[in-house]
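Chemist: Taken in order, these protein sequences are the chains called A and B. Per the numbering used here, the first sequence starts with residue 31, numbered consecutively. Per the numbering used here, the second sequence starts with residue 2, numbered consecutively.
Everything labelled a hint here was simulated from the structure, so no lab data went into it. Think of the CB as a built atom: it goes at the ideal place given N, C-alpha and C, for glycine as much as any other residue. A couple of the hints might just be wrong.
[Said to hold, decoys possible] Heads up, incomplete: computed chain B residues facing chain A, CB under 7 angstroms, no partners named:
1. Pro-394
2. His-398
3. Pro-403
4. Ile-404
5. Lys-560
6. Leu-635
7. Lys-638
8. Cys-639
9. Val-641
10. Ala-645
11. Leu-652
12. Tyr-655
13. Leu-657
14. Ile-660
15. Ile-663
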Amino acid sequence: MTMSRKFFYGIMCAAGVVLAVTGIGTYALGHPPMTHWALMTHVAAAPLFALALAGVALTWAGACTRGAVSGLSGLAKFLFWVILLCGLIVLLTGVVPMTPVFGTRGQHTLYLLHRYSAIVLTAAILLHLPALFRRPAAKV
Amino acid sequence: MTTARAQGPQTRAGVLPGSLRRPTLAGLVLALAAFSASAKDLVTESRGPFLHNIQLHDAQDRVISPPAVVSDDGKPQDPKGNPYSTAQTCGKCHDYEAISQGWHFNAALDNAKPGRPGEPWVLTDPATYTQIPLSYRGWAGTFKPGDLGVANYDFVTNFARHLPGGGVGEPGKIDATDPKMGRMQITGALEIDCLICHQSTGGYDHEGRATALKGQDFRWAPTIAAGLGTFASFRSAGSIADQWHPGRPAPTTLPSIKYDRSKFDADNNVVFQVANRVPNGDCYYCHTSETALGDDRWHGDLDVHLRAGLLCVDCHRNGLDHMMVRGYEGEVRDRTVTDTAIDLRVRMLRRDNAALTEEQARPLAKQQLEKEIGLVETLSCRGCHTTGRLGSPALVHKGLPPIHLEKLSCTACHSGPFPGSSPVVVHTSLAHKLGLPAQMRGQETAPIIVEPVFLYGADGKIEPCKMVWPSYWARWKDGKATPMLPAEAAKAGTFPKQDSADAPRDPYNTKPLSDAQIQQVLASFPEDAGKGQAVFIASGKIFRLEQGKLVSAEDAAAKPYAWPLAHDVRPKVQALGARGCADCHSSDSPMYFATIAARGPVEPAESLSKGMWEMRSDDKTLASFFAFTFTFRLMLKCLVFACALVVLAVLTHYGLRGIGAITSPPATKKTAP
Numbered sequence: 031m032t033m034s035r036k037f038f039y040g041i042m043c044a045a046g047v048v049l050a051v052t053g054i055g056t057y058a059l060g061h062p063p064m065t066h067w068a069l070m071t072h073v074a075a076a077p078l079f080a081l082a083l084a085g086v087a088l089t090w091a092g093a094c095t096r097g098a099v100s101g102l103s104g105l106a107k108f109l110f111w112v113i114l115l116c117g118l119i120v121l122l123t124g125v126v127p128m129t130p131v132f133g134t135r136g137q138h139t140l141y142l143l144h145r146y147s148a149i150v151l152t153a154a155i156l157l158h159l160p161a162l163f164r165r166p167a168a169k170v
Numbered sequence: 002m003t004t005a006r007a008q009g010p011q012t013r014a015g016v017l018p019g020s021l022r023r024p025t026l027a028g029l030v031l032a033l034a035a036f037s038a039s040a041k042d043l044v045t046e047s048r049g050p051f052l053h054n055i056q057l058h059d060a061q062d063r064v065i066s067p068p069a070v071v072s073d074d075g076k077p078q079d080p081k082g083n084p085y086s087t088a089q090t091c092g093k094c095h096d097y098e099a100i101s102q103g104w105h106f107n108a109a110l111d112n113a114k115p116g117r118p119g120e121p122w123v124l125t126d127p128a129t130y131t132q133i134p135l136s137y138r139g140w141a142g143t144f145k146p147g148d149l150g151v152a153n154y155d156f157v158t159n160f161a162r163h164l165p166g167g168g169v170g171e172p173g174k175i176d177a178t179d180p181k182m183g184r185m186q187i188t189g190a191l192e193i194d195c196l197i198c199h200q201s202t203g204g205y206d207h208e209g210r211a212t213a214l215k216g217q218d219f220r221w222a223p224t225i226a227a228g229l230g231t232f233a234s235f236r237s238a239g240s241i242a243d244q245w246h247p248g249r250p251a252p253t254t255l256p257s258i259k260y261d262r263s264k265f266d267a268d269n270n271v272v273f274q275v276a277n278r279v280p281n282g283d284c285y286y287c288h289t290s291e292t293a294l295g296d297d298r299w300h301g302d303l304d305v306h307l308r309a310g311l312l313c314v315d316c317h318r319n320g321l322d323h324m325m326v327r328g329y330e331g332e333v334r335d336r337t338v339t340d341t342a343i344d345l346r347v348r349m350l351r352r353d354n355a356a357l358t359e360e361q362a363r364p365l366a367k368q369q370l371e372k373e374i375g376l377v378e379t380l381s382c383r384g385c386h387t388t389g390r391l392g393s394p395a396l397v398h399k400g401l402p403p404i405h406l407e408k409l410s411c412t413a414c415h416s417g418p419f420p421g422s423s424p425v426v427v428h429t430s431l432a433h434k435l436g437l438p439a440q441m442r443g444q445e446t447a448p449i450i451v452e453p454v455f456l457y458g459a460d461g462k463i464e465p466c467k468m469v470w471p472s473y474w475a476r477w478k479d480g481k482a483t484p485m486l487p488a489e490a491a492k493a494g495t496f497p498k499q500d501s502a503d504a505p506r507d508p509y510n511t512k513p514l515s516d517a518q519i520q521q522v523l524a525s526f527p528e529d530a531g532k533g534q535a536v537f538i539a540s541g542k543i544f545r546l547e548q549g550k551l552v553s554a555e556d557a558a559a560k561p562y563a564w565p566l567a568h569d570v571r572p573k574v575q576a577l578g579a580r581g582c583a584d585c586h587s588s589d590s591p592m593y594f595a596t597i598a599a600r601g602p603v604e605p606a607e608s609l610s611k612g613m614w615e616m617r618s619d620d621k622t623l624a625s626f627f628a629f630t631f632t633f634r635l636m637l638k639c640l641v642f643a644c645a646l647v648v649l650a651v652l653t654h655y656g657l658r659g660i661g662a663i664t665s666p667p668a669t670k671k672t673a674p
């Protein structure tokens, strides 16, 4: 694994932890919606996550294609694409509400989409980490 | 009151059958008595107006019939008679008792829920620098008149100019031994004056009514205000009452009304031009709230709903019980189904179903009405704009994160004057006697009320409020301030006199008190260990003497009273946030950083001053930092969009490659020739 891959992946995980704690944490602890310092921390970590996700996309994608010999298991490759897809949804549903495109109903839908895709994203990252250390099954 | 049923029964009581047209007076009275017994049961149930061509009745329920121009023996006669009674005249067909439970009249009733804090009556006396918010409803921050020693009668005489009658002005029973209330044997009770709201032609004489009420001519005021006649005496009822002693019989010969004969037809009917959907002007007499003062008023745009053609009563409507819809979210919790409404519904149910007994019908009626009361919520801003009632445009709020709708009331962004670096002075009808001619009121005319101040409401949402700081002289004992009423303060202390040369310029005596003057006044109050130390409460502080020196400090007793404002609603392009997030999220946004200087009759340097965030006990660092982050908002958006684009490109690229790999035919191995 190259340094750049490790770097972007590490940043993504670190920012993801902050986002999950402030976002899902607030939701899970029963005090939604997110406000005050939690909101600001969430918003501050968001660009870092976005940058890291873009970096991960560029540096990891080639190694996660079907048939690529990269030492990654099939599960790790699959989870990578899940991370990327959910990450994209999370980014867009996070930033589109800041533009005068959607009204209250649309915004609410975006908010729900943001919430649930973030939960899937977090789960995918959590599963992806151990999957990285799993060797691909040797072909008989 | 949109329909005849909602408004209450409307009858043709005034038009008698032909056989009764020219009876003797006794016969007429008897016939009317028999007829009126069923008048409440007659309803028109039409959306069209009913011609109120009706006979007037006095307080004893006698038909008012001005004598002929010339008597039987040829002498000219004045058209004199008793004043008409609204309870007896309007009450013939409309359930006066039910109406008297309504929001405009029920403040002092024990069974009335106080509801959301509203505008208080402010007891104002410029000579003693007093402004005390009063309310019978017990809203926190106001004083109940009785607690201050203000008798109901005094309250009525003080504020009758804008009281619609009823309530404390019309006690169920007059105690003849009570030196205050006993006066009502002479002055009469202040009955609900239906025409103050329902007169539809603009012909209601508020000034005439106020003048009559100033003289405590309570019984006569509705007749005078309706333009039916004039007060036929040079002595007011108040002055007659001054000579009466409690316990003694009240005089029976009281002034009469000199009626305008042209108002009566041959059958002694009088036309009342009244309306269910009352004109806005009738509401504005008591509910004007003006921030564009004096000659600036022409700049005001009024409420956007009125400009669109709605009437106040289209939203602030009511049924027979006159429980006006106030229009705030959660109002349904503050409403109860009244017995009168249940009675009416029971009658309806039993009319449609003869098998129903009274006992069976009552719970059913209550159940139905409790369900219907929920409709009140559809007349709030949110209710109307989500259900589309009255053709209201649907809520859109493009670009506004939904959290704003959870944290802010609709009025926060849409109502009141557009917020600036500090709230502005607002004049209201109740506080500043608007609607009555007076010398031009100014920025410092007491009581000084400001708006908008953004505070948390009972539902935890930020809402714009009006605010007034109490100002009064008091006795301080055991950590509690007991206010002195203006008369008591004036008697006990020595107050600075306004320069007579300055009075024409400043008729409201608005020159603030200096430290030295406060000290002098406090020193002039006699020592009274029993009552406590004399103190002055004003502009958010308590002022007292300590070893002869004036000291001041913030105190709970000096806390302002605030109540939510809802009008005027601005057009959406003038809403907070229409120009962008920075309307609220910037380092100088009024929502957080406006300065609220406590206003009152002391020099501004002595006033308490706070930031808007402080009024709400918000965290300033948080607010400042949050506002600061908006500097990077555009950068954040661009960056995240760019990153999303990269991710999308990668997904698209590899996605298409994957699809290509799946759909392309398998490569065939070339064989050697």
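Chemist: Against each hint, give a clear statement of whether it holds in the structure.
Modeler: The hints, checked one at a time:
1. Annotation: interface hint on Pro-394(B) violated; nearest CB of chain A at approximately 12 angstroms, more than 7 angstroms.
2. Below 7 angstroms, beta-carbon pairs count as interface contacts, and His-398(B) has one with chain A at about 5 angstroms; its hint therefore holds.
3. The closest approach between the C-beta of Pro-403(B) and any C-beta of chain A is roughly 5 angstroms, which is under the 7 angstroms cut-off, so the hint is satisfied.
4. Because the beta carbon of Ile-404(B) sits about 5 angstroms from the nearest beta carbon in chain A, less than 7 angstroms, this interface hint is met.
5. Because the beta carbon of Lys-560(B) sits about 26 angstroms from the nearest beta carbon in chain A, more than 7 angstroms, this interface hint is broken.
6. The interface hint given for Leu-635(B) is broken, as the beta carbon of that residue sits about 9 angstroms from the closest beta carbon of chain A, more than 7 angstroms.
7. At its closest, the beta carbon of Lys-638(B) sits 6 angstroms from a beta carbon of chain A; the interface hint therefore holds under the 7 angstroms criterion.
8. For Cys-639(B), the interface hint is violated, the least distance from its beta-carbon to any beta-carbon of chain A being 9 angstroms, above 7 angstroms.
9. The restraint placing Val-641(B) at the interface with chain A holds, with a minimum CB-CB distance near 4 angstroms, inside the 7 angstroms limit.
10. At a threshold of 7 angstroms, the smallest CB-CB gap from Ala-645(B) to chain A is about 4 angstroms, leaving the interface hint in force.
11. The criterion of a C-beta within 7 angstroms of any C-beta in chain A is met by Leu-652(B), whose closest approach is roughly 6 angstroms, and the hint holds.
12. Annotation: interface hint on Tyr-655(B) holds; nearest CB of chain A at approximately 5 angstroms, less than 7 angstroms.
13. Interface restraint check: Leu-657(B) against chain A, minimum CB-CB distance 12 angstroms, threshold 7 angstroms, status violated.
14. The closest approach between the C-beta of Ile-660(B) and any C-beta of chain A is roughly 12 angstroms, which is over the 7 angstroms cut-off, so the hint fails.
15. Checking Ile-663(B) against chain A by beta carbon gives a least distance of about 9 angstroms; that is not within 7 angstroms, so the hint is violated.
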